[in-house]
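Asks: Listed below, chain by chain, are the residues.
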Amino acid sequence: MVIKCRTISKGKARGELIVSNELLSFLGGVNPNTGEVIDSNHELKGKFIKDKILFIPGGKGSTVGSYVIFQMKKNNVAPRAIICLNAEPIIATGAIISDIPMVDLPESTEGLVNGVKVEVNGEDGEITIL
Amino acid sequence: MYLNKEEERMYDGFYGDTVRKSMEILVALGDIYDAEKLVNITSAQISGVSYKTIGDAGLEYLEDLASDKNLNRESVAKVPSTLNPAGTDLDNWESLGFPPKFSKKQNEIVDAYGMLGISKTCTCTPYLVGNVPKFRDHVAWSESSAVAYVNSVIGARTNREGGPGALAAAICGKTPMYGYHLEENRKANLLIELETPISGIDYGALGYMVGKEVGSGVPYFVLKNDSTNTELKALGAALASSGAVALYHIENETPEYDSAGKNELIKNNNKILITDSDIKNTCENLTNSSKNEADLVCLGCPHASLEEIKDIANIVKNKEIKNDLWVCTSINVKAASDRMGYTKIIESAGGHIVCDTCMVVAPIEDMGYETIGVNSAKAANYVPSMCGLDVIFDEAKNLIKFKS
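The listed protein sequences derive, respectively, from chains A and B. Going left to right, the first sequence walks through residues 1 to 130 as the UniProt record's numbering numbers them. Going left to right, the second sequence walks through residues 1 to 404 as the UniProt record's numbering numbers them.
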């Protein structure tokens, strides 16, 4: 099944979805050395987003969050791709500077649940459920 | 978003990765904010400079960009661009007592920006040192107080850019056209009338109060007196720190006041009156220390003009200062102050002119200070949260204490 989206950051990646309905701040919310979510108020607290396809409504917090995403990529603990309902500048910029494929505004979110394998295509603006 | 042929080439990597990534950032931001197209800019001002805020991650990103093999004259800054304050005095960090490891990293960050063609002038008042757009120019600035100044006092057009977005704009010479770049978004939405004349730190208190009230709106002030540029610098800084104000108008002072829609505001009774006691109370509330004296008096937020340094020199001339005193400014204004003899007067009294940095982005909490004296409402707002220190908010002449 293919879901149309908007391209934010180019590139393609496959992986397992990790999903949250809460906005995420990368600065202070994610450990850039391990990829673990450390914001104690976040529903993903204690989960690792390393090598996952992260699906969240969007980002929040400091614009320095963009650089935290970049540092995660350098440390090989970044998500393989990011899907947002509505992209905002912090995560969008972070994904672009880190060469992480990213899309937003999915036409449908049906089937986009934890553990499902998907391909994010940031070239054509598509998510494929595998 | 519409891209012309040249912009398409930049987006597709024709000019290398640094330009491609920068263009990708601009296109993504444009899409997020529903911009129809990009607009050419004449100037950029870039935040995300202090090692305290961007850390090793930011440094690595900048070094990556600067080491692009395709980096050539096409991939460095296309328009005059300056940097926000750094975390240390880049040249004199050692004698001023800044931590060595921090200062070394800080210089690496600024050097990486320099490799990208950005001027290594680190200041929040670029409009005092030659990065001065014209009326109605489109620009991409990110320091919030400078955004307020350039939009309001100069009448150029910018949004409140994030650090990487402003850098991308500098590298491409373009920014997405939305928000304050469009005429229709520059109208005022709250009229603020002053009951009495104000001066000095009152401007910061006024900005602090109104910023909380309007959030990201556009205030229109009717003052009882004329303002100096220094006072407008303080007003905008405070508006942009307690709120997210990018643009304000002052009747008979700023260039766009007569097209700001004052009559609409009056018709809708969209106005507030600010009294003398409102200002006084706000001044008092900006102090959160119970002490009478600051360990460190830190002036120059936003960075001091030559006129402010002259006033400070007059206060301390032939005296011995009890507190530590920093006057923060740019290297350009410091050079002028050196030549005028103000620097020598201040140093002889025991104070320092500190370049490139300020009390908000320097690691002052690691330098043994507890109570900071400031004449800036912006600094009074940020120092407790960003540095965890207490502040006294007052005029410079009351903050500086002398040995008897």
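Keep in mind the hints are simulated off the structure, nothing from the lab. Any given hint could be a false lead.
Claimed, not checked - DEER-style ranges, computed between Cβ atoms:
1) A/F48 x B/K322: 27 to 35 Å
2) A/N41 x B/V132: 25 to 33 Å
3) A/N33 x B/K322: 39 to 47 Å
4) A/I129 x B/K104: 47 to 55 Å
Stated by the list, open to error - 30 Å max Cα-Cα, derived DSS-like pairs, lysine-lysine:
5) B/K212 x B/K5
6) A/K74 x A/K117
7) B/K212 x A/K60
8) B/K37 x A/K12
9) B/K134 x A/K60
10) B/K78 x A/K74
11) B/K134 x A/K74
12) B/K187 x B/K319
13) B/K134 x B/K37
14) B/K78 x B/K134
15) A/K60 x B/K401
16) A/K50 x B/K403
17) B/K401 x B/K344
18) B/K120 x A/K74
19) A/K12 x B/K69
20) B/K78 x B/K104
21) A/K117 x A/K4
22) B/K344 x A/K12
23) A/K4 x B/K212
24) B/K69 x A/K74
25) B/K403 x A/K60
26) A/K74 x B/K105
27) A/K4 x B/K319
Claimed, not checked - To give a feel for the contact side, a few chain A residues facing chain B, derived at Cβ under 10 Å:
28) H42
29) V68
30) N86
Please read all numbers here as calculations on a predicted model, not as lab measurements. Think of the CB as a built atom: it goes at the ideal place given N, C-alpha and C, for glycine as much as any other residue.
Asks: All hints are to be evaluated individually against the structure, with a verdict given for each.
Replies: Now for the hints, and whether the structure bears them out:
Evaluation of the 27 to 35 Å hint for A/F48 and B/K322 yields a failure: the beta carbon distance comes to about 54 Å. The hinted range of 25 to 33 Å is not satisfied by A/N41 and B/V132, whose Cβ atoms lie roughly 45 Å apart. The given range of 39 to 47 Å is respected by A/N33 and B/K322, whose C-beta atoms sit roughly 45 Å from each other. Roughly 49 Å separates the CB atoms of A/I129 and B/K104, a value that falls within the hinted 47 to 55 Å.
Between the alpha carbons of B/K212 and B/K5 the distance comes to roughly 44 Å, so the proposed pair goes past 30 Å and is violated. Of the pairs offered as hints, the one joining A/K74 and A/K117 holds, with about 24 Å between alpha carbons and a cut-off of 30 Å not exceeded. Between B/K212 and A/K60 the CA atoms are separated by roughly 20 Å; this keeps the pair inside 30 Å, and the hint holds. With a CA separation close to 26 Å, the supplied pair B/K37 and A/K12 stays within the 30 Å bound.
Straight-line distance between C-alpha atoms of B/K134 and A/K60 comes to about 34 Å, which puts the hinted pair past the 30 Å bound. Between B/K78 and A/K74 the CA atoms are separated by roughly 28 Å; this keeps the pair inside 30 Å, and the hint holds. Among the hinted pairs, B/K134 with A/K74 is inconsistent with the structure: their alpha-carbon atoms are about 41 Å apart, more than 30 Å. At most 30 Å may separate the alpha-carbon atoms for a hinted pair to count; B/K187 and B/K319 exceed this at roughly 49 Å.
With a CA separation close to 22 Å, the supplied pair B/K134 and B/K37 stays within the 30 Å bound. At roughly 17 Å between alpha-carbon atoms, B/K78 and B/K134 fall within 30 Å of each other, so this suggested pair holds. A hinted pair counts as satisfied when its Cα atoms are at most 30 Å apart, and A/K60 with B/K401 does not qualify at roughly 43 Å. Among the hinted pairs, A/K50 with B/K403 is inconsistent with the structure: their alpha-carbon atoms are about 59 Å apart, more than 30 Å.
At most 30 Å may separate the alpha-carbon atoms for a hinted pair to count; B/K401 and B/K344 meet this at roughly 19 Å. A C-alpha spacing of about 26 Å is found between B/K120 and A/K74, which places the hinted pair at or below 30 Å, so the restraint holds. Restraint check for A/K12 and B/K69: satisfied, since their Cα atoms lie roughly 24 Å apart, inside the 30 Å limit. Between B/K78 and B/K104 the CA atoms are separated by roughly 28 Å; this keeps the pair inside 30 Å, and the hint holds.
Proximity of A/K117 to A/K4 is assessed by CA-CA distance (about 17 Å); at most 30 Å being required, the pair is judged to hold. Only pairs whose Cα atoms come within 30 Å are accepted, and B/K344 paired with A/K12 is rejected, the gap being roughly 60 Å. Of the supplied pair hints, the one linking A/K4 and B/K212 is violated, its CA atoms being roughly 41 Å apart against a limit of 30 Å. At roughly 19 Å between alpha-carbon atoms, B/K69 and A/K74 fall within 30 Å of each other, so this suggested pair holds.
With a C-alpha separation of about 48 Å, the suggested pair B/K403 and A/K60 falls outside the 30 Å cut-off, and the hint is violated. About 18 Å separates the Cα atoms of A/K74 and B/K105, which keeps this hinted pair within 30 Å; it holds. Our distance criterion of 30 Å between C-alpha atoms is broken by A/K4 and B/K319, whose separation comes to about 71 Å. The beta carbon of A/H42 is not positioned within 10 Å of any beta carbon in chain B (closest approach about 20 Å), and the interface hint is therefore violated.
Because the closest C-beta pair between A/V68 and chain B is about 6 Å apart, less than 10 Å, the hint holds. Hint on A/N86 holds. Least Cβ distance to chain B is approximately 8 Å, under the 10 Å limit.
In terms of the numbered hints stated before, the structure departs from hints 1, 2, 5, 9, 11, 12, 15, 16, 22, 23, 25, 27 and 28, listed from lowest to highest.
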